[in-house]
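Full structure from sequences and hints, please.
Those protein sequence lines, which keep their order, are chains A and B.
For the first sequence, counting from 1, position 595 maps to 595 in UniProt numbering; every step adds exactly one.
For the second sequence, counting from 1, position 296 maps to 296 in UniProt numbering; every step adds exactly one.
Since the hints were made in silico from the structure, they are not lab data.
Please note that the accuracy of each hint is not assured.
With a cut-off of at most 30 Å between alpha-carbon atoms, the simulated BS3-like pairs for lysine-lysine come out as follows [to be verified]:
(1) A:Lys483 with B:Lys547
(2) A:Lys547 with B:Lys614
(3) A:Lys92 with B:Lys306
(4) A:Lys615 with B:Lys306
If you want a taste of the chain B side facing chain A, the calculated C-beta under 8 Å gives, among others [as the list claims (entries may be wrong)]:
(5) Arg195
(6) Lys335
(7) Glu353
(8) Phe355
(9) Ala389
(10) Gly417
(11) Gly551
(12) Leu601
Distance ranges between label pairs, derived from CB positions [claimed, not checked]:
(13) A:Ile520 with B:Gln588: 50 to 56 Å
(14) A:Asp207 with B:Gln349: 35 to 41 Å
(15) B:His49 with A:Tyr616: 45 to 51 Å
(16) B:Gln588 with A:Gly292: 56 to 62 Å
For clarity, every value in this text was computed on a predicted model and none was experimentally measured.
Beta carbons: idealized from backbone N, C-alpha and C, even for Gly.
There are 2 protein chains.
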Amino acid sequence: MSISAQLHDDLEDAANRMRISAIEMTAAAKSADIMATLFFHEMKYDVAHPKLVSADRFVLSKASHGHACPILYAAWEEAGLLTKEQVMSLRKVTSDIEGHPTPRLNFIDVATGSLGQGLSCAAGMAYVGKYIDKASYRVYCLMGDGETAEGSVWEAAAFSSYYKLDNMVAIVDVNRLGQSQETALGHRVEIYQARFAAFGFNAIVVDGHNIYELIKAYEVARNTKDKPTAIIAKTFKGQGIEDIADKENWHGKPVPVDKIDAIKKCLHGSQKGKLVPQKPLNDAPNVDLHCGSIKMAAPTYKIGEKVATRAAYGTALAKLGDVNPRVIGLDGDTKNSTFSEKLLQKHPQQFIECFIAEQNMVGVAVGAQCRDRTIAFTSTFAAFFTRAADQIRMAAVSFANLKCVGSHVGASIGEDGPSQMALEDLAMFRAIPGSTVFYPSDAVAAERATELAANTKGIVFIRTSRPALPVLYGNDELFAIGKAKILKQSPSDKIVLIGAGVTLYECAKAAEQLEKEGEIINRVHCCVIDPFTIKPLDQMTIVDHAKRVGGRILTVEDHYPAGGIGEAVSSAVADHADIRVRSLCVQQVPRSGSPDELVDLFGISARHIVDAVKKY
Amino acid sequence: MSISAQLHDDLEDAANRMRISAIEMTAAAKSADIMATLFFHEMKYDVAHPKLVSADRFVLSKASHGHACPILYAAWEEAGLLTKEQVMSLRKVTSDIEGHPTPRLNFIDVATGSLGQGLSCAAGMAYVGKYIDKASYRVYCLMGDGETAEGSVWEAAAFSSYYKLDNMVAIVDVNRLGQSQETALGHRVEIYQARFAAFGFNAIVVDGHNIYELIKAYEVARNTKDKPTAIIAKTFKGQGIEDIADKENWHGKPVPVDKIDAIKKCLHGSQKGKLVPQKPLNDAPNVDLHCGSIKMAAPTYKIGEKVATRAAYGTALAKLGDVNPRVIGLDGDTKNSTFSEKLLQKHPQQFIECFIAEQNMVGVAVGAQCRDRTIAFTSTFAAFFTRAADQIRMAAVSFANLKCVGSHVGASIGEDGPSQMALEDLAMFRAIPGSTVFYPSDAVAAERATELAANTKGIVFIRTSRPALPVLYGNDELFAIGKAKILKQSPSDKIVLIGAGVTLYECAKAAEQLEKEGEIINRVHCCVIDPFTIKPLDQMTIVDHAKRVGGRILTVEDHYPAGGIGEAVSSAVADHADIRVRSLCVQQVPRSGSPDELVDLFGISARHIVDAVKKY
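What follows is the structure in C-alpha cells.
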C-alpha cells in the first residue's frame with residue numbers, strides 16, 4: 001500500500017506535534033514517527049473507549065527509567081483523550097500521568113518501567129486474541145534497543161514464534177543510546193534483525209523516521225502468516241533537534257527551557273485534528289469473569305486418604321476449566337509435577353505450555369488477563385517463581401489478576417536437593433502489595449484455595465507440597481480467605497502450635513505425643529492451628545487462642561526464617577503484650593536426602609517441636 | 001587434529017563405563033560421549049586438585065531436575081577422584097553426592113539445578129581468565145536444549161560475544177526431550193545454530209555421539225579467536241539403551257533394576273585407567289583475598305554535608321579498587337545512577353558493564369568469584385535485583401561470595417514511579433540463608449558498609465538511597481555488622497523509634513518535635529536507633545532499649561510490610577513478653593510525585609511518626 005503525499009505530511013505533522021508535546025513534558029522525545037504512524041494510520045481503536053475488548057492493543061515496553069512515556073501521553077493527547085493540561089501534570093503526585101505508565105490510566109493495560117517485560121505481555125494478549133477470543137485485533141509492542149539485552153525478550157520471542165502469533169508486531173526502536181553509555185550493539189540493525197529472524201520472526205529493518213517505510217512495514221506484518229513480525233527501526237534520539245540528536249547523557253534530563261522555543265521552530269507541525277484513528281471491528285466476545293461467578297464442583301476425598309496438595313490443585317484447576325472456558329493454565333514444562341496437566345488433558349485449548357521460561361510465562365499470563373479476557377493460573381516449582389520475581393512485582397504495579405501456584409516447597413521435597421526447594425517463596429509473595437497467599441495443608445483445602453483464587457482479584461499465590469499426606473477436612477468444609485482452622489483444642493491447652501503443609505502434620509504429631517507421654521504432671525495440651533492463608537493471616541483467631549493458652553505460640557514452617565509464617569505471626573501479634581512467639585524453620589541451605597530425614601535434620605519435625613514446647 | 005583409532009576406542013569405552021555408572025546411580029545416562037571427550041581428551045586439570053586456579057573450568061548447567069549430574073559424578077569416578085561407593089551414595093542424606101551438584105563437592109564451582117544459569121557463571125569465569133587472570137585456562141559449559149528457553153542463556157550469550165570470550169565453549173546437548181514433553185525445537189539443530197550465531201558465537205553442529213566430531217569441534221573452538229564457540233550436539237537420550245533411547249517420560253526415573261544387566265551387556269566398556277587427563281599450565285596468579293585483608297582509606301565528609309548513600313558507595317568502591325586490583329564492579333547500564341561509575345573512571349580494567357541484563361550480571365559475578373579470583377560488587381536499582389532473584393537464590397546454594405548493591409529504594413525516589421521503587425528488596429535479601437543486609441543511613445556508614453562487605457564472605461546486600469541527606473557520623477566512627485547506633489537517647493525516653501535511610505531522618509525529626517511541642521506534660525522523649533545492618537539485627541541493643549523505655553517500639557521504613565524492618569524487629573523481640581512493636585511502612589503500590597510528598601502520602605514521614613507515637 002502506498003499513501004498519498006498529503007497523508008504522509010499529515011502523519012509527519014502529527015509526529016512533530018507529539019515530539020513538541022513530549023519535549024514540553026520532559027525530555028528528548030523518542031519514537032515520534034513510529035508512534036504517529038501506529039496511532040494514526042495502523043492501529044484500530046476507539047478513542048472514547050480505550051480498553052474496548054476488540055480494539056488493537058499497544059504495549060509500551062521501552063519506558064526505560066521513565067522517559068519514553070511522554071511520547072505515549074502525547075499520542076493520546078493527539079488522539080484527543082488527554083488534554084494539554086493533563087499531560088503537563090506529568091509526574092505530579094496529584095496526577096495519574098506518572099513517570100512510568102500504570103493502569104491507573106484507562107489506556108494502559110500493563111505497567112512498564114522494568115525493561116524487557118512488554119513483549120511477554122503483548123504475546124499473552126496476542127495468544128488470547130488468536131486462540132481464545134479468535135478475534136481480529138492485533139497487538140503492537142514498542143521496545144527499546146537497550147532492553148533487548150534482557151533475556152525475557154528472547155523468552156517472549158521464542159514463545160511468539162512457537163505459537164505463530166502473526167497478530168503481534170514488535171517494533172524495536174534502535175537509537176543506540178543506553179542510560180549510561182552506547183548499547184552493546186549500537187546502530188548495527190542487521191544484528192537485531194538476525195537475532196529476531198533466528199527466533200522465528202519476520203524481521204524487517206526500516207528507517208524509523210521514514211513514514212513511508214514504517215507504514216509499509218506494518219502492512220507487510222499484517223500480510224505475514226504464521227509468524228510474528230519484528231520491525232527494527234533505526235532512529236536517532238532527539239531526531240531533528242540540534243544539540244540533542246544522537247548524543248549520550250540526555251537520558252531522562254529535561255530539555256532546557258530556553259531551547260524549547262528553538263526546537264519548536266525547527267519542527268513544523270500544523271493544526272491537529274486531521275487524523276482520525278480507524279475503528280475496530282467488534283468481533284471479540286464479551287466475557288463475564290466477575291468475582292464469585294466461578295463455582296467448582298465439590299471435592300470428593302475420603303478423610304485419611306493420602307493426596308498431595310499439588311495433585312489436588314490439578315484436579316481443581318481441571319474442574320474450574322469445566323465450568324468456565326476462560327480459566328486457563330500456563331506451565332513451564334513442569335506440568336507433570338505441578339499437575340496442571342490435568343487441565344491440559346481435559347481442556348487442551350485452555351492450556352498454554354510455556355516451556356522453561358518462567359519470566360515469560362508470568363508475562364504471558366499478565367497479558368492474558370488484560371481487559372478481563374481470562375483467569376490465568378501459572379504453575380511451576382515454587383522455587384522457580386523466583387525467576388519471575390520482577391514480573392510478579394510489576395504485575396502488582398499493573399494491578400493484574402494473576403494466579404501463581406508453586407509446588408515442591410521446602411526441604412520436604414527430599415532427594416532433589418536445595419536448588420529445587422522453595423524456602424523463600426512466602427517471603428516473596430507476602431511482600432507483593434495486595435497479594436493473597438494460600439498455604440493449603442490438605443487436598444480439600446487445596447481445591448478450595450484454587451476455587452477462591454479464581455474468584456479473588458489480584459496477585460494470588462498457592463503454595464502446594466510434594467508429599468502425599470492424609471486428607472484432614474471433610475468435602476463440605478467451608479474455607480475462606482483470612483480464616484484459620486483449629487485442628488485441635490481443649491480447655492487445658494498451654495500453647496498454640498501453628499504449622500502449614502508438612503509442618504501442620506508434624507505439629508499434630510507433636511501435640512499428640514505431648515499429651516500422652518511421660519508423667520501426667522508433665523503432659524502438655526496444645527492448640528493446633530492451620531492458618532490456610534498466610535496473607536491475610538487470621539490475626540483474631542491467633543490472638544484469641546494465644547491469650548486463652550497463656551501467651552505462648554510456636555510456629556513451625558518448611559521455609560527460611562525471613563518473611564515466612566514465623567515473621568507473619570510475630571508481626572500479627574507484635575502489638576499484644578504478653579503474647580510470645582518462637583519459631584522453628586529451616587535455618588541453612590538444605591541438602592539431598594529423604595523427605596522425613598530432611599524434615600528432621602533441618603529442625604522442623606515433631607521431635608523438635610516436642611523439644612521446643614518442653615523448653616518454652 | 002585427528003585421533004588414533006585406539007584413542008577413539010578408549011574414549012568410547014570411557015563413555016560407556018560412565019554411562020553404566022550413571023545408570024546404576026539413577027536414570028537414563030546423558031551426554032556420556034560429550035563428557036568422556038571433554039574430561040579425557042580436551043580439558044586440562046589435575047584430578048588431585050580439582051579447584052586448581054590454573055585448571056580448565058567445567059560448568060554443568062543442564063542438571064535439570066537432578067538427572068544430568070550422575071554423568072558428572074561418573075566422570076569424576078572415571079578420573080579417579082570418586083570411588084564407586086561414593087557415587088552410589090547419590091542423594092543420600094549422609095552424602096555430598098547430591099541430587100543436584102553443589103560446591104559441597106570439591107570439584108564443583110557453582111551449584112546448578114535451576115536451569116539456564118550456568119552459561120552466565122561460565123562467562124564470568126572466562127572473563128576473569130581472559131582479562132583479569134590473563135591465563136590460559138578455558139571454560140566449558142554443558143547445557144541442555146530445554147534450558148535454552150531461559151532468557152538468561154541469551155543474556156549470557158550476548159555478554160560472551162560482546163566481550164569476545166574465545167576461551168569459553170558452550171556445548172548444547174540437543175536430546176529433544178523436556179521434562180513433560182518434547183522441547184519447543186525438538187531436534188532442529190539448525191535453529192539452535194542460527195540463534196547462537198546471531199548472538200555472536202561460532203556455532204557448530206555435531207553428532208553428539210560421534211567422538212571424532214566432538215574432538216574436532218573442541219579443536220575448532222580452541223582455534224577460534226575473538227568469539228565464543230557453541231557446539232550444538234545432536235544426541236539421543238539413553239543412546240544405545242533399548243526401550244529408553246529417545247523416549248519421553250524417562251525424565252528422572254530410575255532405570256528398572258532388571259534392565260541394568262541387559263544394558264551393561266549392550267554397552268562395551270573395558271577396564272578403566274588408560275586415559276589420563278592433561279595437566280594444566282600453571283599460569284594463573286595466586287591471589288589472597290582473605291576476609292579482613294582489604295582496608296579502605298577513611299571517609300572524608302563533614303557532618304551535616306548532604307551526600308546520597310549511593311554516591312558514597314561509588315566513592316568507597318573506587319577506594320577499594322585502589323587498594324586491591326581484584327575488587328571488581330559490575331553494573332547493568334545504571335552506573336551513572338548507582339555511582340559504580342566512580343570505579344570505572346579510576347580503574348576501568350576492574351569494571352564490567354553488563355548492560356540491561358541483571359540475571360546475567362549476577363551470574364557473571366558468581367562465576368567471577370569462583371576459586372577466590374575476585375571480590376565482585378554488582379549494582380543496579382534495588383528493584384531490578386528482583387530480576388535476578390533466582391540467580392541470587394542459587395548463589396546461596398553455591399555458597400558464593402556475592403555483593404549486591406541496590407540504589408533507588410522506596411517511595412522516596414519520587415517522580416519515576418512505582419516500577420523503579422524497591423519496596424520488597426529487604427524481604428528478598430533477608431530470606432537468603434546466611435546473607436548480610438546493610439542499610440546505611442549516611443555517607444560514612446555507606447562507605448564502611450562497602451568496606452565491610454568486601455571483607456565478609458557470602459551474599460551481601462547494601463541498600464542505598466537516592467536522596468542526598470546530611471552526614472550523621474564522624475569519619476572515624478566505627479561500624480560493625482550486627483551493631484546498631486543510638487542516634488539519640490535520654491533517661492526519660494518513653495519509646496524506641498527505629499528507622500533507616502530516609503526514615504531515620506524522619507524519626508529524628510519526629511523525636512525532636514515530640515520533645516518540644518505542646519504542654520510539657522505531653523512531651524515525649526524518644527530513643528532513636530539506626531540498625532545499620534538489618535540482618536543480622538542488633539537484637540540485644542533493641543531489646544535493652546525497649547525494656548528501658550517501657551516496652552514500646554515503633555519501626556518506620558520505606559518498604560512494604562512483609563519481610564522488612566518491622567517484621568525483622570517483631571521477630572527479634574517476639575520471645576520477650578512486654579515488648580510491643582508497631583510499624584509504619586508503605587502499604588500499597590505508590591505513585592509518582594516528589595520524594596517529600598510521597599514519603600508523607602505513604603505514611604512514613606515525621607508527621608505520621610508523631611501521630612503514631614501519640615496514639616501508642
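Verification of the supplied hints:
{"no.": "1", "hint": "A:Lys483 with B:Lys547", "verdict": "violated (34 Å)"}
{"no.": "2", "hint": "A:Lys547 with B:Lys614", "verdict": "holds (26 Å)"}
{"no.": "3", "hint": "A:Lys92 with B:Lys306", "verdict": "holds (25 Å)"}
{"no.": "4", "hint": "A:Lys615 with B:Lys306", "verdict": "violated (50 Å)"}
{"no.": "5", "hint": "Arg195", "verdict": "holds (4 Å)"}
{"no.": "6", "hint": "Lys335", "verdict": "holds (5 Å)"}
{"no.": "7", "hint": "Glu353", "verdict": "holds (7 Å)"}
{"no.": "8", "hint": "Phe355", "verdict": "holds (4 Å)"}
{"no.": "9", "hint": "Ala389", "verdict": "holds (4 Å)"}
{"no.": "10", "hint": "Gly417", "verdict": "holds (4 Å)"}
{"no.": "11", "hint": "Gly551", "verdict": "holds (7 Å)"}
{"no.": "12", "hint": "Leu601", "verdict": "holds (6 Å)"}
{"no.": "13", "hint": "A:Ile520 with B:Gln588: 50 to 56 Å", "verdict": "holds (52 Å)"}
{"no.": "14", "hint": "A:Asp207 with B:Gln349: 35 to 41 Å", "verdict": "holds (38 Å)"}
{"no.": "15", "hint": "B:His49 with A:Tyr616: 45 to 51 Å", "verdict": "holds (50 Å)"}
{"no.": "16", "hint": "B:Gln588 with A:Gly292: 56 to 62 Å", "verdict": "violated (24 Å)"}
Of the numbered hints listed earlier, those contradicted by the structure are 1, 4, 16.
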